[in-house]
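Participant: Go by the hints and put chain B onto chain A.
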Amino acid sequence: MLQIDLWKRVLIWSLCALGLIMALPNGFYPRVEAHNDATASLEAGFSGNGLEEQAAMWPNWMPSALVNLGLDLRGGAHLLAEVQVEDVYETRIKALWPEVRNLLRAERATVGTIRLQPSDVSELRVKISNRDAIQEAATLVRGLAQPVVSLTGAGTTDLVVTTEGDEIVVTLSDAEKLATDERTVQQALEIIRRRIDEVGTREPTIQRQGADRILIQVPGIGSASELKDIIGTTAQLTFNPVVGRAGSADAAAGAGNEVVPSLDEEGVYYILESAHVVSGEELVDAQPSFDQNGRPAVSFRFNPSGARKFGDYTAENIGSPFAIVLDSEVISAPVIQSHIPGGSGIITGNFSVEESTNLAVLLRAGALPAGLNFLEERTIGPELGQDSIEAGRIACIVAFAGVLVFMFLSYGTFGLFANIALIINVGLIFGLLSMVGATLTLPGIAGIVLTIGMAVDANVLVFERIREEVKAGRGPARAIDLGYEKALSAIVDANITTFITAVILFAMGSGPVRGFAITLGLGILTSVFTAIYVTRLIVVMWFERRRPKTLEV
Amino acid sequence: MRLRLVPQETKIDFFGKTKLSLGFSGLMVVLSVVFFFVQGLNFGIDFRGGTTIRTESAQTVEVGAYRTAIEPLNLGDVSITEVFDPNFDDDQNVTMIRIQAQDGQEAVTADVIRNVEVALQGVAPDITFVSVESVGPKVSGELIQTAVIAVLLAIGAVLVYIWLRFEWQFAVGAVAALVHDVVLTIGVFSIVQIRFDLAIIAALLTIVGYSLNDTVVVFDRVRENLRKFKKLELKEVLNLSINETLARTMMTSVTTLLALIALFVLGGDVIRGFVFAMIWGVVVGTYSSVFVASTVLLKLGVKRDWSKPDATVGNQFSNIDA
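Chains A and B are the protein sequences, given in the same order.
Going by my numbering, 21 is the number at position 21 of the first sequence; the sequence numbering is gapless.
Throughout, my numbering is defined as the position within the second sequence, counted from one, plus 1000.
Simulated from the structure, these hints should not be mistaken for laboratory data.
Be aware that a few hints might be false.
Taking CB as the label site, the calculated pair distances span [as the list claims (entries may be wrong)]:
no., chain 1, residue 1, chain 2, residue 2, range
1, A, Val268, B, Pro1086, 58 to 66 Å
2, A, Glu107, B, Gln1145, 33 to 41 Å
3, A, Ala44, B, Val1112, 36 to 44 Å
4, A, Trp97, B, Val1160, 37 to 45 Å
5, A, Lys8, B, Val1038, 53 to 61 Å
6, A, Pro63, B, Asn1074, 32 to 40 Å
A virtual CB, placed ideally from N, CA and C, is assigned to each residue, including glycine.
Here chain A stands alone, though its shape is the one from the complex:
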């Protein structure tokens, strides 16, 4: 009958207490947030600046996990970028040419002369003069293929070599493309993460989405274009020998050279050797600094192999200019004054302090392997988020009060019990949200408000059943018991179906919608728990103490 084992009672109350304690930090959001930040800085080895006092604002033994606020509540920027993975195919295929050339040259006796044919960027076309030897040539080229290094591509090689008349066509195999895509996206993800971490914003979200997309959310940043400036530039730094200067982009460059515009001098072009001396990949450090005239500059240092190349080149070419090229633009083209042996140097240009800082960050983080295409960008100002939180809070309180009063008016004492359960319920939702580190969004707040309205449903089902049982002439204890027993199947079925939709929303949705699905789903779990266990326990405890002869539901 109306008995609940002691261990169950203890378990139920402890679960509630645990949830409420976990939810507690959210009641003191700014204070706990300051505490968390200060503790993190202290752990990182910083001290002073009032960090200790800030850390002491919230006791260390208390849980300090907070509900993350989504971008729509905190303000910040959101970007969805598509990594242009095809860029990498092109580089890979282009890099094959010297190898193929050397290989076939050695066999000139059988294949004849070889020539690179103009082709699509995704393939390499080589024409040989001895048509009959095309198969032998293809077999030779096939020998260049390497096994694909990936889980799914095991047993396949990276190149597909076919013949068309007197031409050999080399393309990347599908397995290799997949493996390359994977590496490219991973690498891009890592570099974006490093760049954003360099700037040091709080809790950025950098996630892979689907095959070739990256979602970037940075709270607290001024705008999406600011964020793009941090991650968007590819920052390919190279040092190239200068052949000459030109007045237009159409100037004849000559074999093995290219025409590159100047970054800040309009109409000035440089003719550079395409093969660089050193590239940014060999940088180990870059810092914003100032040149001897006090203008902002970036100082850098190479790794040993880069330092050697740089040193040798400067020793051999004293008096001639060389170009510092960033993303296909010449930043500056100084004349080499002396041998630079240490592998460190300084880049000067018309920088502002901010630009030199950004450039240093970009150089340190390394270059993106491929370009990014921005498919979606959102900027939410912090004021709008603050307004939304404020409005949401008021709406929550009013909804809460309305439901509490309404339940009490409808069910009296039992309504009061349901209300206690409802308060615990909302506490539990916040506790769970903090515990799983979920993100609260504006629709998420709507989900909580909706839960406040719907959470009483399970209790209403039970109370209505108890009313019916009382009407049917059952005694109080029996009525309560039967009420819970009979209402259970309806409660379970009704909530499982709603839960199914919440799961689908979570799986299919993104961003704010997903935030809504989380609060809705957690709300269903907690409301079923509070209705079946908490309210029931309260009712049983009340019944044991009062032993009412008749039941007023």
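Facilitator: Frame of chain A; chain B shown alone:
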């Protein structure tokens, strides 16, 4: 004295005028579909690409002046609406500007946004841009697709669940009610031209969940009563079940509406459309669980006697009393 929304005992005949209720629902569904095809939905940028800019200024907004400022930029379809909300301060003048996706551009261009911002600063120097959102046409196309799949998946999953827990007739009834609710909600969005964006899909799915919740509670009682009153006609069983659960139906609807209305009035204009969809859904969902789901169940009939699988009395044809 207790507050009671519904008298202790009700004996309302919900199936006296099935022709009327089904006809009414059918008419509403047809109207919604017609509106959807004739007038379409006011899709937000999530679904059709483009840019929305939310501006705030202390000066009173002159939509015409804004429009004149933006017009020379040749951005195609630009809509400017002033936003009103009781939460706003007196000197808080808010507008939403929507710019269509620019032709031939997959990615969003920062230049367009910058140009608009500069142009607007010419009209109202103190203007701030509290939110700027752009969605490229590629993503918006996928978002539509995912949204449609999500709704269909939800309906499908529910169909299966109810089929497993009840009988197939119940599942068909519940799904008929769901489709009815979803179609009517899309219809009302088409009629009043409220912006239809991703959040509304979330609302649609919530409506699916809520409507089901209601339907399942009624069906649960129907199942119980079918076992309890083996001889009673299906129509009577349905009526009895709905009457018995009526108090609960009303209570839950009222508490949910209470919470939602609080959110509608006080929750700010950003989610007002979303909350409107849910309020509408609760009302329609409550109606449909009685008048659509149960009526469909009545028309389909149910297998009554579980112990004798092949009984002639109680097969699905014997209950049709139209």
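Participant: It remains to establish, for every hint, whether it holds in the given structure.
Facilitator: Do the hints match the structure? See the list:
1. A:Val268 to B:Pro1086: 58 to 66 Å: Given a distance of about 59 Å, which is inside 58 to 66 Å, the answer is holds.
2. A:Glu107 to B:Gln1145: 33 to 41 Å: violated (52 Å)
3. A:Ala44 to B:Val1112: 36 to 44 Å: At roughly 41 Å between Cβ atoms, Val1112 of chain B and Ala44 of chain A fall inside 36 to 44 Å, so the hint holds.
4. A:Trp97 to B:Val1160: 37 to 45 Å: Violated, since Trp97 of chain A and Val1160 of chain B (Cβ atoms, about 57 Å apart) do not stay within the stated range.
5. A:Lys8 to B:Val1038: 53 to 61 Å: holds (60 Å)
6. A:Pro63 to B:Asn1074: 32 to 40 Å: This hint is violated: roughly 56 Å between Cβ atoms.
The structure is inconsistent with the numbered hints 2, 4, 6, although it conforms to all the rest.
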